[in-house]
Amino acid sequence: MATPAVDLLKELEEYKYGWRIPDVYVFKAPKGLNEDVVRQISHMKEEPEWMLEYRLKALKHFLERPMPNWGPDLSELDFDSITYYIKPAEREARSWDEVPEEIKRTFERLGIPEAEQKFLAGVGAQFESEMVYHRVKEELERLGVIFVSIEEGLKQYPELFRQYFGKVVPYTDNKFAALNAAVWSGGSFIYIPPGVKIEQPLQAYFRLNAPDIGQFERTLIIVDEGAQAHYVEGCTAPIYSTYSLHTGVIEIVVKRGARFRYTTIQNWSTNVFNLVTQRALVYGDAHMEWVDANIGSKVTMKYPSCILLEPGAHGEILSMAFARDGQVIDNGGKAIHLAPNTTSKIVSKSVSKGTGRASYRGLIRVARGAKGAKSHVVCDALLIDETSRSDTYPYIEIEEDDVTIGHEASVSRVSEEQVFYLRSRGLSEEEAVTMVVAGFIEPLVRELPMEYAVELNRLVQLEMEGSVG
Amino acid sequence: MSEVLEIRNLHARTEEREILKGVNLTIRKGEVHALMGPNGAGKSTLAYVLMGHPAYEVTEGEVLLNGTNILELDPEERAHLGLFLAFQYPVAVPGVTIANFLRAALNAKRKARGEDEISVFEFRKLLMEKLRMLKMDPSFAGRYVNDGFSGGEKKRAEILQMAVLDPEFAILDETDSGLDIDALRIVAQGINALRGPERGFLIITHYKRILDHVRPDFVHVLVDGRVVRSGGPELADELEAKGYEEILRELGLATPAAV
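In the order they appear, the protein sequences are chains A and B. According to the numbering used here, the first sequence is numbered sequentially starting from 14. According to the numbering used here, the second sequence is numbered sequentially starting from 103.
Hints are not guaranteed to be accurate.
Unchecked claim - Listed next, the in silico DSBU-like pairs over lysine-lysine satisfying Cα-Cα at most 35 Å (straight line):
(1) B/Lys-213 to A/Lys-131
(2) A/Lys-29 to B/Lys-213
(3) B/Lys-227 to A/Lys-131
What the hints assert, rightly or not - Examples of chain A residues lying across from chain B (beta carbon under 7 Å, computed):
(4) Trp-32
(5) Glu-165
(6) Asn-187
(7) Gln-431
(8) Phe-433
(9) Arg-436
(10) Ser-437
(11) Arg-438
(12) Gly-439
(13) Leu-440
(14) Met-448
(15) Gly-452
(16) Phe-453
(17) Glu-455
Hints are computed from structural coordinates only; laboratory data are not their basis. We put the beta carbon where it would ideally sit given N, CA and C, even for glycine.
Same shape as in the complex, but just chain A:
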């Protein structure tokens, strides 16, 4: 029989990305947040005056705005103990050889350069506060595809950048959007020209290394008319006993007839507060999909949104959460119907294990005049044991009569009969429970490109290891 110590070791081993390298940086801001830090970041990024002003306005808003009075407990989050900016390298590289050796080794260990070779159209890699690498295939560059760090986006494409930056998610949206707007650093700037269809995914990978750090990536994606692309982000961090903060803002504009999918495989270590705002504006007959898989973090609050602006716009949110002991994952999605004949679908699958708590929180809003709008929400929760818990908070605001709204919710527990059935065929108890969980999230995994599906299944398996019996 395993002793508690063995169990603990196994617990720690389960998170395979918890290793770290010594701190690497060329600049590190002092802990805490104030105007000087914001000015320093802006100065180091050689930003235009309007951006500095924007950051300072956002900082003021952040400081004035109270913490959210709903959702998970954030009282352990101490804004003063966090380092808001760490610049890891002098400049962003276009080839892995130019990336500082230790950082390069980190990404090699995470398999990023290998994946780039095999199946990606482009890769961005962020270490601490900055993108250290960005590269897109040359043939896509020739078609006018832009895939650079957000800082390069501001420098090289100032007009396009300014036209959309902060328009999808204004800094007044919520306290954490304000925080991000004040200290944003890193993230991607993407533009897909009209009609360009990219088959392979573009990927960004986010890595935290130092303790007590905040990562505030900001991503702006413009998918022009009739274009098509798929962006995937992954993230990991070492395990520390103190808390880190990840507060991203993702703004996406999907123009008429375009299709875009944004996939997140969130696997932060369990000391990271993950508070993210992701939103897309969806124009006529365009199609936006969020695929959001949350495995890691201490607390996650994340509700990817689609604002359906013109007739025929379609938004889809597939969200999956797996909360283990001590984790709180509060996620879901929002679909805002502002035009006739817009459609949306939200599918949420949450798994809670031990004292973990994975919940669905979502909003469907249909504005007056959005005739013929259709929305369907399915949220399923699976509880693995007696102590696990799941909550569902479905909000529906309908101002129009001519709409079709569907909502289905279910909660199930891994049943003794299922486990016995599978064990009678030769699977161990752990394998049996893992199989039930894998089956439960299958509808979401099926939507992922094969490589990520394999990865996600493997992560779930790791989460289940040593957990039963």
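With the hints as your guide, set chain B onto chain A.
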């Protein structure tokens, strides 16, 4: 090694009451035994206890599989030793395809026996061969385990699992219940196709009709947790003709209804 499943003086209970009160039964490889009995006699309990269901406590007796007492083993260990239970009510596992499930199960068994895992390619070949043998559509393997299956499909899926896992001893718990005549015939054909010198069967049934398709070597009657009569296939005919009550009266036993 004796190739035999021996049930000796088996007593088992739930929290509420004792259900098996000293069952004795010996099944050799190559033999087909039918276990018949009225409702509530303990037929399904026997099946579950043999497979190791946690809801039952064994209070006395032993079950030897090729000489090993399996009562202390986990259900999966019993499966690895070659025991199989076709469930009366197969359980749905949404999102898991029959193919993936069976490959995992087969590999778990092979691993436990110190054998190499089967490759995806080899497994596919094996699965297709068994599907063909049981006259089942290949697309069946891509469906989620028992999810939305009709009664007949569930029972056929159990037979398919048996064919792939190739057990030494198979217990079929009321595999005939809830089947129409065509489905019954198909399932019976499947069982007959798997019948052979390398396998022993315990077919648990309330009705004789499946035994018209799968001719047993031995028939036993279970009443109130004990085997009260054993005989050849003609015993099934006698039961059918007289009914359980008559047989019980002859044995000087009260009918369960009268208890």
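For each hint, the structure was consulted:
1. B/Lys-213 to A/Lys-131: 32 Å, holds
2. A/Lys-29 to B/Lys-213: 25 Å, holds
3. B/Lys-227 to A/Lys-131: OK: B/Lys-227 and A/Lys-131 at ~29 Å, within 35 Å.
4. Trp-32: Violated. Min distance 29 Å.
5. Glu-165: Given a least distance of 42 Å, the restraint on A/Glu-165 is violated.
6. Asn-187: Nearest chain B Cβ about 34 Å off; hint violated.
7. Gln-431: 5 Å, holds
8. Phe-433: It holds, given that the least Cβ distance between A/Phe-433 and chain B is near 6 Å, below 7 Å.
9. Arg-436: With Cβ-Cβ at 4 Å, under 7 Å, it holds.
10. Ser-437: At 5 Å from the nearest chain B Cβ, A/Ser-437 passes the 7 Å test, so the hint holds.
11. Arg-438: 4 Å, holds
12. Gly-439: Holds: closest Cβ of chain B sits about 4 Å from A/Gly-439, inside 7 Å.
13. Leu-440: 5 Å, holds
14. Met-448: This hint holds: A/Met-448 lies near chain B, its Cβ roughly 6 Å from the closest one there, short of 7 Å.
15. Gly-452: 3 Å, holds
16. Phe-453: 6 Å, holds
17. Glu-455: 3 Å, holds
The structure is inconsistent with the numbered hints 4, 5 and 6, although it conforms to all the rest.
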